[in-house]
Amino acid sequence: MFLALKEMRRAKVRFGLLAGAVGLLVFLILFQQALLTGLINQFIGALKNQSGEVLVYNGQARKNLDGSIILPDQQAAIAEVEGVAVASPFGQATFTVTADGDETDAVIFGYQLGNPGEPTTLISGRLPEGADEAVASEKDADAGFALGDVVRVEPGGASITIVGVARDINYSVAPVLFVDFATFEAAKRTRNPDAAAILPSAIAIEVAAGSTPAQVAARINDQVDGVEALTRQEAVDGSPGVSSVRTSFAIILGLFYLVVPLVTGLFFLIVTFQKASALTLLRAIGAPARTLVWSLLVQVFIVMTIGSVIAFGLYAGAIQGVSNLGIHVEVMPAVITSVVVLALALLTSLVAVRRVLRLDPLSATTGAGIAL
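Just so you know, the numbering used here puts 100 at position 109 of the sequence shown, and the rest follows in order with no gaps.
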């Protein structure tokens, strides 16, 4: 430890530049991960953060909630499947609404109060307890969707009061209102007043004890014709556009995860070559090889730790600057990323460790330092 710290104090600029470079690269990883999460939440946060453990779509909808309708006989059949504790209608549609005096598009989700389909990320207020009450998306609070605001469904529809605000429940990058199913039906009738019945877009399911969402989804698909049952995560992953976005970001993040350890490993390999003579002399006067190896690994650990701290500071500051995108500082993903990058850096530093272990103390008299 003393040897590692002594060398780092004598070469502050060199190690400081490496820590700064690592910090910048790790920051880019953290920011890209946060951006991916924010984009996913903007597209399908309402599905991700609702309480239904299984969502049942029309079989021809291709996992697209906008094109799905569940018929009454299908809903009845779904409710009879083993492992289904509660099967509740779940409606979704986009409406023109007036919020804060301006017309805008908003997505309204209807669910039966107290049943699957309610938002799970409430941060203020309460859930709806009756007609014409809603939980709105936090991101759109400044656009007329704040707690206590009144949103009017056009043309000439109900006035809905915001009684709660939830985080990350946007859908298709639009504001969202979670209302009871009767309010959803009334909103749909503003566009089609002669409709005989308002059919749900999907069925949200609470799974009975003793069964898993995957098991229940498989049973529904086997026993009910014309539907496609998905676990909540499958519904999120299968939503249009989500897979391509994740694939694109995975490639970018993979490159970053490759570059960080390579930069670190190459730096310490070069440093090891540069100080080969000094290390050889230490070996010649009796310094154990394990002491030199330990010194190298301690330096890697310190550099990566300082770099991670720098990265988190940049990450927290950058997130505050783009909070309008619905991106939040998440500590646990940052910690996991830092640990993974540290592990990869220690792994790549094994090349430098190998060079240290090959030092020949006898070569101190020749200045060779290391056998190539």
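Treat each hint with caution, since some may be false.
Listed next, with one range per pair, are the computed distances between beta-carbon atoms [said to hold, decoys possible]: (1) Val4 / Glu321: 29 to 37 Å; (2) Val141 / Val330: 41 to 49 Å; (3) Val331 / Gly121: 21 to 29 Å; (4) Thr152 / Gly50: 48 to 56 Å; (5) Asn212 / Phe292: 26 to 34 Å.
Pairs of lysine to any residue, SDA-like flavour, derived with a Cα cap of 25 Å [unchecked claim]: (6) Lys3 / Ile293; (7) Lys179 / Val141; (8) Lys179 / Asn55; (9) Lys3 / Phe303; (10) Lys(-3) / Phe264.
Simulated from the structure, these hints should not be mistaken for laboratory data. Bear in mind that the values here come from a model prediction, so they are computed numbers and not experimental data. Beta carbons: idealized from backbone N, C-alpha and C, even for Gly.
Here is what the structure says about each hint:
The hinted window of 29 to 37 Å between Val4 and Glu321 holds, with their beta carbons roughly 33 Å apart. In this structure, Val141 and Val330 meet the distance hint of 41 to 49 Å, their C-beta atoms being roughly 47 Å apart. For Val331 paired with Gly121, a C-beta distance near 48 Å fails the hint of 21 to 29 Å. Checked against the hint of 48 to 56 Å, the pair Thr152 and Gly50 fails, with Cβ atoms roughly 37 Å apart.
Restraint check, Asn212 to Phe292: a C-beta distance of roughly 50 Å breaks the suggested window 26 to 34 Å. Using a Cα cut-off of 25 Å, the hinted pair Lys3 and Ile293 holds, with the two alpha carbons roughly 12 Å apart. For the proposed pair Lys179 and Val141, the alpha carbon gap of about 18 Å is at most 25 Å, so the pair holds. At most 25 Å may separate the alpha-carbon atoms for a hinted pair to count; Lys179 and Asn55 meet this at roughly 19 Å.
Taking the CA atoms of Lys3 and Phe303, the gap is near 21 Å; set against the 25 Å cutoff, the hint holds. Of the supplied pair hints, the one linking Lys(-3) and Phe264 holds, its CA atoms being roughly 18 Å apart against a limit of 25 Å.
Violated hints, listed in ascending order, are 3, 4, 5; each of the other numbered hints is respected by the structure.
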